[in-house]
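Here is what each chain is made of, one letter per residue.
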Amino acid sequence: MSRATSSLPRTIAAHTILIAYTAIALFPVLLIVVNAFKTRKAIFRAPMALPDAESFSLEGFRTVLSQGDFTAYFQNSLIVTVVSIALVLLFGAMAAFALSEYRFRGSRLTGLYLALGIMIPIRLGTIAILQEMVATGLVNTLTALILVYTAQGLPLSVFILSEFMSQVSDDLKNAGRIDGLSEYRIFFRLVLPLVRPAMATVAVFTMIPIWNDLWFPLILAPSEATKTVTLGAQMFIGQFVTNWNAVLAALSLAIVPVMILYLLFSRQLIRGITSGAVK
Amino acid sequence: MGSLTLNTIRKSFGPIEVLRGIDLDVADGEFVVFVGPSGCGKSTLLRVIAGLEDATSGQVVIDGEAMDGVPPAKRGIAMVFQSYALYPHLKVRDNMALGLKQAGGSASEIKARVAEASTMLSLGDYLDRRPAELSGGQRQRVAIGRAIVRHPKLFLFDEPLSNLDAALRVNTRIEIARLHRELKATMIYVTHDQVEAMTLADKIVVLNGGRVEQIGAPMELYNRPANRFVAGFIGSPKMNFVEADRLGRRDAAAIGVRPEHIAVDPQAGEWRGRVLHAEHLGADTVLFVDCERIGTMAVRLFGEHRYRADDVLHLTPDPKRLYRFAPDGATLSEPLASEAPAA
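As given, the protein sequences belong to chains A and B, one line each in that order. Mapping of the first sequence onto the working numbering: position 222 corresponds to residue 1184, and the numbering continues sequentially without gaps. Mapping of the second sequence onto the working numbering: position 133 corresponds to residue 458, and the numbering continues sequentially without gaps.
It should be emphasised that the hints constitute simulated quantities derived from the structure, not laboratory data. Hints are not guaranteed to be accurate.
Unchecked claim - What the simulated footprint calls covered on chain B by chain A, stretch by stretch (three residues with Cβ under 8 angstroms from a Cβ of chain A suffice, anywhere in the stretch; the number is not a length):
# : stretch
1 : 391-400
2 : 417-431
3 : 599-609
For every residue, glycine included, the Cβ atom is placed at its ideal position computed from N, Cα and C.
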């Protein structure tokens, strides 16, 4: 009996495709990291070469750490990202629970309205958002960014989570009701732990665009005190001269925190998947 | 304490009427089984009693108190679910204790009640495990334990055995019957399996299409079914029905005879037929006989018999045990020997 999964040519083909994709996806990242550790001259002379004794330099990192307040930029990025994810997960899960658990007039319409946000990019509303922020005095605050990113992340979050919540056993929720748990405790204690893998997925999907975003920080919060890492790295890109060492070093550093966050969530994700499989 | 009265319960989901006016009285300590095909509304009815669904109209009365707007936790009920519905993050002990904790019971009382229930169900060794570490049968026992701990006026079981394998099902069925005797509690049990209904119930409620078809003791339903639906639903293999004009009878629309009330003879008899299929079960033998004019008849013989497919046989129904049904399905008159116990 031949099993499709163990056929050698298939395995080779699958691995070739996967390795090729990995290489293509990682190449730009690798290029950034490698060149961040080289002297300016070496970057231009041999952009593909690995740093050797002669071309190795930490000049870029020194510039980044000395010029501008990068610790503060990192802090801003982290605050904005973490708080936004937290809000997106909390409100998204609550809305998803309401939509999947309760029958009420217009519940389908509400769900559709919330899902509409997936299809319409929030950037179309930039001018209106800016006007609102000016009117409410929130320009140049992290709150402005957090609000916008929460709004940006919610539609997908509600969509994915309500799909998962409707799969949580009704019997379990009803058992909780008979035992006298409040709807809030049923939500937080019974339902949320069971949709943890879905929450991790949503967190990852929400986190990356927020961390990498340049658009809203540039428009809503460009002040020195509220700069995010992506925006901060831009100060090394000048109209005439670009300090490539510093740009590459800043970008290399910017990868680290988001990678840690990703690892945290993906662990959850894997744990969720395996715990479901052995039940 | 532990009586239940349902007054004309109706329930609709949008335009779909699931329960069409259900009246029922359950006395204290009774074991009542709701049985019916899937989609007949039996689970919905149980949910209405539990307060998990609101009835569109009608009233649930538990122990003489109307339960309008009373939340499930305050109705004095406990429920056992088909999928066990144990809290996955809690140990067996905490699964059982949660309801009492919510109700504000004292720690010592909770401990005593959990100990009592776990002895009753021999769960003592598993109290510190999580549900994921238990087998299906153990999980169902924990679910039953969680119900016992609450000392409810009313136990509600929602198809508790459907997820268990056949051997475990029989064991758990016996265990539930034993619990009913020991606790002397009122129990309402929903199932689609007529064997569970017949073996457990003091009183069976046969539901179909959101209506009660008949209420009665198991043998009453077997011997005196109110209509063709109940006659066909209770008993296995199910009752044979023959349109009356095929038999040349004018006194009914259809005639029913149970497989166990047909005698078989190779030489002579009322209906001649050819065996299509024979099931040899040891204790009894089930034959499916094609009797040309009147259709396929199931025959149940006790003990071992050597009949095989393609044998030609003659069937003779016990005339005292023929049922006659009107065109609307109602049973016309009781068979002559309806008081006789099942052979």
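Results of checking the hints against the structure:
{"no.": "1", "hint": "391-400", "verdict": "holds (count 4)"}
{"no.": "2", "hint": "417-431", "verdict": "holds (count 4)"}
{"no.": "3", "hint": "599-609", "verdict": "violated (count 0)"}
The structure shown violates just one earlier hint, number 3.
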